[in-house]
Amino acid sequence: MTLHKALALGLGCALFDLAGASLLDSLGFVEGLLAPNGTQRLLLFPLACAFYGARLATYFALPALAVAALVFAPWRAHPSIVSLPDHK
Amino acid sequence: MLGNRPPEQDVAFAHGVAHEVTSGVSTASFHTGSARFDGEWAFGTYLMATLGLGQVVLGHPEERARLLPAMRQSAARLTQNQTSSFGTEAWGNVGLDTLADGHGHGYLGYANLALSMLRLVEPTTPQAPLNDQLTEALARRLAEAPHGLFETYPGEAYPPDMSMVAGSIALHDCALGRPERPFMPAWRQAFSRYVDRRSGLLYQAADAATGAPLGPPRGSGTAIAVYSLAFADRALSEQLYAGLRRQAVNLLGFGMMREYPSEHIGTGDIDSGPVLFGVGVSATGFALAAARLHGDDALFTRLYRTTELFGVPLGDSTSRHFMSGGPLGNAILLAMTTASSEWSRHCRRPT
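Chains as they are written, first to last, in our numbering: chain A, 1 to 88; chain B, 1 to 351.
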């Protein structure tokens, strides 16, 4: 993954983290999950999974991806830097 | 940055919880599937909100005028017969109406700890007579209990609940400047049989008639006992904390607490909350207070980091709450994250 893509993905997840938290809060996350009304749970459960997935990615996976993209950026720009000698 | 917690957050969080409890929380706010547990959760919300708000008022006296009305309201709702209807249903009588000659109703220790906190913050509270009657009734029941344990519900007795009873009596006596009760040294000795020698954890349940522990010792009950016993006996609280500390799990700087000792495999229940890979939600939340009270800043920071990651704090500098807390979770987190020994500086001098 390029640094550009990693940063774009990170920004997307961070925005989803912020917006998702407010959305779940306004929907009454805990009360909704505990509610006997099944339709509310059907909406909240996948939304909560997506939200926590984005949140965990924002804090753990994406920083690692960005660092990896940064480390490998010179090699991507100039693959010959680390190319192996040609044994013919 | 997760785990970073400036002190001014306590005040904003207190305002968030104050708003939540004054907006009205009742048994209808919860849907656990059990009328008793719905009632316990409403009761727990008012209990923890009163304790947390009291702790913030003691630590931030400048907030007293703004937070005391919510604290009063929370304590008033806590003591309404409707709020403890789960106990009435179990016993067949109203716990607060049978203080003089009744028995059992061990859950009232929780209510009394909240009333004692209100008493400390506001000695002239209209709840003072009830706090006195409740304290005397609980003290009598505890003194008469043959093994330092009386029933919470018929046939059900829980050592963590007795730690609340003892803590509530001690905090009441602190607020009034009274010395320790004569039965306390004997109770302390009787209570120590509920501490598992191997793990250092407190048994969650026991037989009140024989004093025999029932089931395994557990992290959630131990953690709440560390908190409540800090009002009654700091050494005993510290002893339990040593056992609780061994339950800590550190995963990439995120702290969690195991619910069961390593030799036990157990599932979650209404006390522990969900237990995932051995880690308990309640044990982790209650351990925040335990770590704070015993000066374990490193564990507190790790636990708080986890709380922020999964709790998801929202709000601003004037009002905060945790998205995934709900009324009960937010009230518990307020009480646990603001626990301190500040109360002991406000005890009335003995006359």
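Hint data in this document are derived by calculation from the structure and do not stem from the laboratory. Remember, it's a predicted structure, so these values are computed and weren't measured experimentally. We treat Cβ as the ideally placed atom computed from N, Cα and C, and that holds for glycine. Misleading hints may appear alongside valid ones.
If we take Cβ atoms under 8 Å as the criterion, some of the chain A residues that face chain B in the derived model are [stated by the list, open to error]:
# : residue
1 : L15
2 : F16
3 : A21
4 : S22
5 : D25
6 : L27
7 : Y59
Please list, smallest to largest, the hint numbers that this structure does not respect.
Hint check: 1, 2 and 6 fail, others pass.
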